Amino acid sequence: MILKFIKGFSLLLFALLILVPSLIVVFGASKTDAEVYNAPLSLPERWNLDNYRTLFESSNVGQSFLNSVIVTLASVFFTLLLASLCSFAISRMITVTGKVLFALFTIGLAIPGQVNIVPIFILFNDLGLTNKLSGLVLINVVTTLPISVFILTAFFRELPKEMFEVSAIDGASPLRIYRSIALPLSRPALGATAIFLFVITWNELLFPLLLITDPAKRTLPLSLISFRGEYFSSYSMIFTAVMVASIPMVAMYLFMQRSFIAGLTAGAVKG
Amino acid sequence: MSARTGSAPTISGSGLAPRRKRKRDAGIYYAMGLPAALIFAIFYFGPFILNLRYSLVKWDGITDSEFVGLGNFIKLVSDDDLFYKVLGNNLRFTFLVVIFQTLLSLVFAIFLVKNTKTNIALRTLYFFPTILSSVSVGIIWLFLYDPNFGAINLFFNKVGLESFALNWVGSEGSALNAIAFTQVWFHTGQMMVIYIAGLQQIPQELYEAAEVDGASKWQQFRFVTWPMAIPTTIVVMAYTTIQSFRAFDLIFTMTQGGPNNASSIFAVLIYQTVFSELRIGYAAAQSIFFVLVLVFVTVLQRRFLNTRYEK
Numbered sequence: 000m001i002l003k004f005i006k007g008f009s010l011l012l013f014a015l016l017i018l019v020p021s022l023i024v025v026f027g028a029s030k031t032d033a034e035v036y037n038a039p040l041s042l043p044e045r046w047n048l049d050n051y052r053t054l055f056e057s058s059n060v061g062q063s064f065l066n067s068v069i070v071t072l073a074s075v076f077f078t079l080l081l082a083s084l085c086s087f088a089i090s091r092m093i094t095v096t097g098k099v100l101f102a103l104f105t106i107g108l109a110i111p112g113q114v115n116i117v118p119i120f121i122l123f124n125d126l127g128l129t130n131k132l133s134g135l136v137l138i139n140v141v142t143t144l145p146i147s148v149f150i151l152t153a154f155f156r157e158l159p160k161e162m163f164e165v166s167a168i169d170g171a172s173p174l175r176i177y178r179s180i181a182l183p184l185s186r187p188a189l190g191a192t193a194i195f196l197f198v199i200t201w202n203e204l205l206f207p208l209l210l211i212t213d214p215a216k217r218t219l220p221l222s223l224i225s226f227r228g229e230y231f232s233s234y235s236m237i238f239t240a241v242m243v244a245s246i247p248m249v250a251m252y253l254f255m256q257r258s259f260i261a262g263l264t265a266g267a268v269k270g
Numbered sequence: 000m001s002a003r004t005g006s007a008p009t010i011s012g013s014g015l016a017p018r019r020k021r022k023r024d025a026g027i028y029y030a031m032g033l034p035a036a037l038i039f040a041i042f043y044f045g046p047f048i049l050n051l052r053y054s055l056v057k058w059d060g061i062t063d064s065e066f067v068g069l070g071n072f073i074k075l076v077s078d079d080d081l082f083y084k085v086l087g088n089n090l091r092f093t094f095l096v097v098i099f100q101t102l103l104s105l106v107f108a109i110f111l112v113k114n115t116k117t118n119i120a121l122r123t124l125y126f127f128p129t130i131l132s133s134v135s136v137g138i139i140w141l142f143l144y145d146p147n148f149g150a151i152n153l154f155f156n157k158v159g160l161e162s163f164a165l166n167w168v169g170s171e172g173s174a175l176n177a178i179a180f181t182q183v184w185f186h187t188g189q190m191m192v193i194y195i196a197g198l199q200q201i202p203q204e205l206y207e208a209a210e211v212d213g214a215s216k217w218q219q220f221r222f223v224t225w226p227m228a229i230p231t232t233i234v235v236m237a238y239t240t241i242q243s244f245r246a247f248d249l250i251f252t253m254t255q256g257g258p259n260n261a262s263s264i265f266a267v268l269i270y271q272t273v274f275s276e277l278r279i280g281y282a283a284a285q286s287i288f289f290v291l292v293l294v295f296v297t298v299l300q301r302r303f304l305n306t307r308y309e310k
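Chain order of the listed sequences is Y and E. In terms of numbering that gives the first Met the number 0, the numbers along the first sequence are unbroken and rise by one, the last being 270. In terms of numbering that gives the first Met the number 0, the numbers along the second sequence are unbroken and rise by one, the last being 310.
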């Protein structure tokens with residue numbers, strides 16, 4: 000009886016702890032500052048998009064949004080392409096090379112790229128890759144390769160070997176086996192990895208902070224940080240910006256909860 | 000998983016002799032692995048080695064660098080209070096997050112393990128913060144923590160607990176704990192889902208047998224759930240540890256490591272040593288310590304949980 004009460008109470012409490020702050024932001028984006036401060040929890044007096052209009056007119060959030068879309072799509076595409084090719088090769092290599100390759104990526108998994116911020120900053124400066132979206136794509140690919148190779152290799156290793164062997168004996172080249180057998184079969188694993196990559200790339204702050212100084216090249220999280228600095232006292236505008244930065248992921252989450260949950264836990268479960 | 004096709008002996012339809020084909024195929028496999036391996040080697044291990052080199056010099060990034068040998072490391076270990084403060088912060092932050100996040104996610108996983116409609120809805124809600132960016136989460140919680148109009152202090156004042164209404168992220172005593180709380184809020188749902196996947200693997204018969212033997216709920220947890228959940232716990236704790244070391248984005252958004260470095264962790268310290276102080280060599284030395292601490296914590300944790308596991 001007491002156990003049941005504790006259970007219900009704690010479940011409700013944590014649910015409120017997530018719902019209330021989320022609603023404060025959703026409501027806040029339709030409010031004036033005075034409303035946000037005086038009654039953060041109440042419904043807005045009038046649902047409207049005024050704040051959104053002001054935001055897009057007075058800041059370059061629109062540009063940042065576009066930058067984020069470009070960087071995220073390109074990073075996810077190249078990571079998936081490189082990682083799936085490499086993972087397939089690793090899973091098919093019988094020699095030690097496969098194991099060594101795999102081990103190298105595992106090190107990258109245990110020691111995050113953050114420890115490299117000093118040399119990456121200098122290296123990218125020397126190579127002229129700062130203030131370029133391509134530079135961001137490159138560093139995103141590098142930092143997300145380990146986890147992607149890890150998930151995909153685990154998946155390819157579980158596929159029945161005979162399927163590949165039969166096609167190999169029939170004369171199919173590795174590239175053809177990759178394209179016509181491995182890729183179609185691995186669609187669920189690729190999908191899960193893609194979602195994982197979408198979320199972390201879209202939300203990434205550290206490397207944009209390190210490599211981008213030009214306001215026109217900012218991604219959303221970076222632009223959100225500087226926006227908060229400018230509009231320090233206007234939480235209605237800040238919440239509007241938070242909404243703009245979150246809506247794409249939230250919309251995807253609402254439509255594909257299962258894939259999202261699978262994707263964002265795949266990295267950990269396979270570990 | 001797809002059905003096994005079986006290895007029926009097939010007559011070679013290839014124009015190439017088997018051995019030559021195998022050799023050619025091996026070459027193609029190398030070529031397929033090469034792009035990823037090359038990019039990773041150049042931009043992950045390359046910087047890693049550069050880091051070792053930079054750690055031996057004194058350099059502001061503008062004028063010529065000066066070789067100082069192990070000078071940076073000696074200064075770091077013997078004469079840098081800030082470094083020890085940040086080390087302490089980082090370990091405290093990691094410890095708090097790992098303990099509370101693991102505990103909470105396990106408890107919620109046990110509560111929500113059955114696939115009922117309500118449970119699935121709650122899981123979806125609990126998981127939700129995971130998809131937000133650290134910057135958004137940081138901004139939302141800065142508002143909640145605000146000493147004057149934040150929802151938390153409004154709540155405490157309303158229920159008559161004025162002494163609990165603190166300047167949460169603005170004072171040295173509470174900043175790190177407040178951010179740790181936010182981090183737990185942020186990722187408990189994600190770890191809960193991992194636990195649920197683990198708990199659903201436990202054979203139902205074990206619980207039935209325990210019930211027949213008259214085991215209480217607590218005993219069922221102690222002798223069935225917990226031992227069976229240890230492999231998942233290892234995964235959850237390892238993941239949470241790495242995640243907590245990576246909390247740069249959240250901390251940078253909320254406090255930039257302040258006030259007075261009370262909430263600074265390694266990544267924040269390194270960033271500031273480079274960009275605020277322009278001490279590149281010194282920051283490189285800090286990074287190398289960061290790696291050592293990370294490896295040490297990970298190994299220690301594996302040891303601890305593995306001995307538990309084997310027992």
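Warning: the hint list may mix true and false statements.
[Claimed, not checked] Among chain E residues calculated to face chain Y with C-beta under 7 angstroms, some are:
hint, residue
1, Ile27
2, Tyr28
3, Phe42
4, Phe99
5, Val112
6, Ile130
7, Phe142
8, Leu143
9, Ile193
10, Asp212
11, Phe288
12, Phe289
In short, the hints are calculated from the structure, not lab data. Because the structure is a prediction, the values reported are computed rather than measured. All C-beta atoms, glycine included, are put in the ideal place defined by N, C-alpha and C.
message = Name the hints, by number, that the structure is in violation of.
response = 4, 5, 10 and 11
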